[in-house]
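Colleague: Make the complex out of the two chains shown on their own, each in a separate frame, by following the hints.
Each chain is listed here by its residues.
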Amino acid sequence: MSVKARRWLIWIGLAVAAVVFTYPFAWLVSASLKPRADVFDNALIPREWAPENYVTIWSAAPVLTWLTNSVVVALAAATTVTISSAIVAFGFAYFRFPGRNALFGLVVGTMMLPGAVTMIPTYLIWNELGLAATQVPLWAQNLFGSAFYIFLIRQFFLGVPRELFEAARVDGAGYWRLFWRIAVPLCRPALIVAFVFELRASWSDLLRPLIYLRDPALFTMPRGMKAILDQFGQAGESRWEVVLAGAVITTIPMIVAFLLCQRYFLEGVATQGRKG
Amino acid sequence: MARRETWAAYGFLSPWIIGFAVFMAGPMVASLVLSFTDYDVLTDTRFVGADNYRAMLADSRVRTSLANTLIYTALHVPLTMVVSLALAMLLIRAGRRSAGFYRTVFYLPTVTPKVAVGVLFLLLFNGQDGLINRVLALAGVDGPDWTVDPAWIKPGLVLIGAWSLGSTVIIYLAALQNVPRDLHEAAAMDGASAWARFRAVTVPSISGALFFTLIINTIGGLQTFDEVYTAFYGSANQQTYGSDAALFYVVYLFQQAFRFLHVGYASALAWLLFLIIVAITLVQVRLSRRFVYYESE
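Top line first, the protein sequences correspond to chains W and G. Numbering of the first sequence is given in our numbering, commencing with residue 1 and proceeding in unit increments. Numbering of the second sequence is given in our numbering, commencing with residue 1 and proceeding in unit increments.
The following block holds chain G by itself, in its conformation from the complex (with noise of 0.2 angstroms):
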């Protein structure tokens, strides 16, 4: 009987254990075996050793990508939490009914496609005549040039980033939301102040929410692709702009296995961001341990 409940068991699962199978493990160790070769998918594939990864290293086009990647992200993450952070804990004191109201409308860029993020990007930051300049200029300031001028042009990114920072709010507001409501008043009681019981009741209550959204908010960052490559990446093949200032870790790897068709090297490249994103995320599995409370324990 017990044997049989197994069976089935394994019967309502097989699909995932497939899939699992043969569109993550196996792909796993493809793209691993294929960094060793110089695939091109056209000529004989041959094993070439570390050439691929030895090439990297040479790359500065690598570098590039990696460094705007991460600039990218290091900004983008803090930020989105922060402001997130800071329009739940309104959203919390609002009262139900505009709560509501707001979630929606804080959710909805998140539903825009990030294509046609990309374009507002490309409008909306215009040096000239773009809406940002426009209200810079209200204000006295002499906007930059967002989309063109290679030192600004991450931090427009970030910006029109933040714009769809909605899910993380709609995180913090539910993790807010079940914030045990006694613990503020007996802090309040014992005279704390109000960024007290911030850091000492809000904070470590809602830190496992903190701590997911910092995980997805960095994996999400560090393969940021859509907007970028609507913006900067034609298909004419060439990039829009002549800096490499939009080059993106994940629309390097993109040209090279299906532009350039050098699969062994964007596999090796692929392993790199694999491994990257590992290493930062149990950085920060080992951080959170300091301060993500869970109830359970």
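Excised from the complex, chain W in its bound form (with noise of 0.2 angstroms):
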């Protein structure tokens, strides 16, 4: 095969896979907007434009409540999740001491274990605590920092020169200051990924909400998503345009974040497969 036509190959095969990965999209948008009858007739820009839709899941579900839990529920577990680990990460990089390899291979070990398994105690404890039916067990967890943080911001700390530290230990700095003051302003890349990481998989989050939120006041926007799916998609007339726009205001907020910081979005998938 010449290599002019191996790149159309190339091409062709990325622009094909391109549309079948953004048309999905595409269509939830358009078809938000449509008015009921058009839903499905898969034309990309809407014949008849039904911006009430919108109109009518607002005022039909607490829309804005549930961004703001939503909001203020990611912001808890990405702030809490990346302040925690960059300590562990810290007391990992920096410390020689007995022991440190086999709980380090603790805490690489932990990222396997199955998040339903744990599913039942947890809420057990959330329970006896009287925390169940609130919304801090949706972030509270991250107050003890998370497998794949930590190792992430170790392997930068571990790229932070010694003799940064040391000549700060000379000047008399205690601990609590080298990771202050040396090392978390030198990797603060390797923190904002932590962030934005944490920041999407709490957005998305559906088994949690569905665990322990009760009361439609405190819903994040996926727990409230699911609520209007099953207020206006399966019982009896479907009107999945109120749905889709649901969906749409539930996706929207995670891809504008994604398009702002893609950058540190795509370095934390990438580093995962650089673990161990």
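Wrong hints could be hidden among the right ones.
Unchecked claim - Computed from the model, here is a short list of chain W residues facing chain G with C-beta under 10 angstroms:
no.	residue
1	V20
2	L28
3	Y54
4	I87
5	N101
6	G115
7	W176
8	F179
9	L207
Said to hold, decoys possible - Pairwise CB distance ranges (calculated):
no.	chain 1	residue 1	chain 2	residue 2	range
10	G	D190	W	G99	40 to 50 angstroms
11	W	P62	G	F101	37 to 47 angstroms
12	G	F47	W	G99	32 to 42 angstroms
In short, the hints are calculated from the structure, not lab data. These numbers were taken from a predicted model, which means no experiment stands behind them. Where is the CB? At the ideal position from N, CA and C, for every residue including glycine.
Modeller: Below is the structure:
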């Protein structure tokens, strides 16, 4: 095959794949703007525009409350996990102490522990604490760090020249100062990666909001979206145009966040493969 | 001095150590203990020995959900890996600038919340009016009733699941960028065909990434919940469709624990899932020793 023909094949292959990967978004947004009868007409540009779908959903459900809840929960989850994981990562990166390798092996090992397995006892813990029906269980576990982010941030901390730390030690700096004044500022990109990664994970979560949240006023957007689907999509009359508007509202904030910080999202994924 | 340093180190590690004890090790033990009880939150708890495990053996829905989950995973993982590798290889040949653009495009579906993916599944794969069947009709194929026909629900879910394979593509792309070029060139000089080079140079060089995505996608596949629950199970306590074709293991576990409050039974289900995941992972680790090549070794 000639080089030119190969280039064309690559180009066509990528273009086809790009359509397959983006078309569902275009379909989703376009269908959410169509009147009920046209949802399935598969025209990319609505023949008749129906922006009132968004008005319908806005008045039928506390969408603004759910969006706010999602923002609050996701920010709490991402902030706590970044700070705590950085603290632990520093412990592993800077210090030499007995049991370090075994303990770090354990941290890496827990990345494999399926969340579904600890789901029930974790619920019982929050129930004992009287917090089971609140948003606290959606983020508070992040106060204890998370294996993947510990791993990721540690890699960055290991790259800080040791002489920097030693010079600061000679100047009388304590360990906390080494962490806060040297390691953290030098490794800001890693912290951002952890932050945006957790933001995404938290924003998308459905299982935990289903388990913990009873009061619709506390719902996150995906949990609210599920409620909208139950109300408008399945029982009797299907008002898919309303459901679709809900799906768009659930999705768009993450798409915007991704497009703004894609470098950090993609770095996070790429590092995953370099584990171990 | 050295001792002070050790204390300081454990001080920094303490969040993780506490979290591990309270939210991992503790729950594992608790769920094991609970699995031998009839705990249901409301009434007194009794130890029932292995009753829950015996009941699981007799429970046809355990078998159904397990079979559904295993079939889904067995289709989902290879499809994801093969398509992702193909896309990553196209990307690596596409040149830096277009690679950056397509990387973004392929990753985009991954940031879409799974509830939205579930809704898209219901609509795009709709038997009568869905886009997928319209496209198939263009090719003269009469598409199945993806969201209703028990035989087609899982293949449909596998396809919509493949839509979000972006992270696997990114991982392979990162791995491919580290494949030594001179190795390829040397093999080409020796007259090795493209396929031979792919097998002898590319695959071994990225075997670490292949292995990692195998494990991660398998564990993820076995725990599939969000999109399936969104599409097929409502808050009205019952599933949307009559059949159990979309009864996945974690969906059943969730129902037992949080709908029917059979917490003891659900804990036994959780432990079975844990054992299955450990067993499959161990088999994969063993097999990988034959083909995973680490530079450091």
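Colleague: Output the numbers, in ascending order, of every earlier hint that fails for this structure.
Modeller: Of the numbered hints, 3 and 5 do not hold.
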